[in-house]
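Novice: Sequence:
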Amino acid sequence: MTRYASFAASLLLVLLVVAREEVSGRRHNDVLGCHNGTTVTVDECCQLPMLADPAVVEKCKAAHPFKPRGKGKPDGGAQPGACIAECILKEMGALKGANINAVAFKQAVQPTLKKNPSVAKLIDGAIDSCSTLVEDAAFSRNKNTEAGGKPLCLASPKLFVNCVYSSLFQNCPTDLWTKKDGCTQLKDKIKQGCPYFAMRKRHGRHHRPT
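Heads up: the sequence shown is residues 0 to 209, going by numbering that gives the first Met the number 0.
Where hints are given, some of them may not hold.
What the hints assert, rightly or not - Think about it this way: if two alpha-carbon atoms lie no more than 25 Å apart in a straight line, the pair counts; the simulated DSS-like pairs of lysine-lysine are:
| no. | residue 1 | residue 2 |
| --- | --- | --- |
| 1 | LYS89 | LYS105 |
| 2 | LYS105 | LYS58 |
| 3 | LYS200 | LYS178 |
Claimed, not checked - Distance windows between CB atoms, simulated:
| no. | residue 1 | residue 2 | range |
| --- | --- | --- | --- |
| 4 | ASP180 | ALA61 | 34 to 40 Å |
| 5 | THR38 | ALA61 | 31 to 37 Å |
| 6 | ASP123 | GLN46 | 17 to 23 Å |
| 7 | ASP42 | PRO110 | 18 to 24 Å |
| 8 | ALA103 | LYS178 | 31 to 37 Å |
| 9 | ASP127 | GLN191 | 19 to 25 Å |
| 10 | ASN170 | PRO64 | 19 to 25 Å |
Rather than coming from a laboratory, the hints here were simulated on the basis of the structure. Beta carbons: idealized from backbone N, C-alpha and C, even for Gly.
Between the sequences and the hints, there should be enough to build the whole structure, so can you do that?
Specialist: Written out as structure tokens, the structure is:
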């Protein structure tokens with residue numbers, strides 16, 4: 000198996016794990032042990048920039064806030080992370096229907112890349128491979144609805160963004176890699192299927208989706 004094929008396989012595994020909760024509208028326990036033995040977060044290991052315009056991110060977070068689940072309420076419904084990611088990609092012009100527009104996404108992140116040349120060298124490969132992986136109809140078409148009949152947010156935007164950041168993290172430029180203890184372990188966990196954004200959490204807190 001080539002290096003690319005091996006990495007693509009690991010990214011596909013990550014997508015399957017993320018899709019399991021996003022497409023079903025349910026959150027699951029940490030069945031992969033993503034946080035077992037971890038002492039750092041991905042942000043503390045690889046200082047990747049926010050690819051989207053911060054103003055857009057804040058706008059979408061405000062429109063789709065995380066809310067604690069009430070006791071006794073069913074574990075279902077639209078996931079804020081998926082809704083935020085969909086909102087961001089729409090604002091970036093990178094979502095056409097249920098499909099990722101890779102060209103538009105590349106154009107939208109150019110302002111960030113001009114300030115981060117080491118990331119710019121990696122981004123095209125990450126975007127191309129991830130947009131291809133999430134083209135699978137099972138990821139891009141989410142026909143589930145909430146109890147009131149309201150369509151759930153698409154799974155594909157969050158899957159795509161998670162994939163892009165996973166790829167960048169696995170190939171983190173040396174100028175952004177902190178070499179802290181435990182960082183290599185995070186690369187192994189992501190390779191085994193742990194979602195990048197799950198590895199940004201501390202004490203159950205939620206973080207921006209892009």
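Novice: Of the hints stated earlier, which fail here?
Specialist: 10
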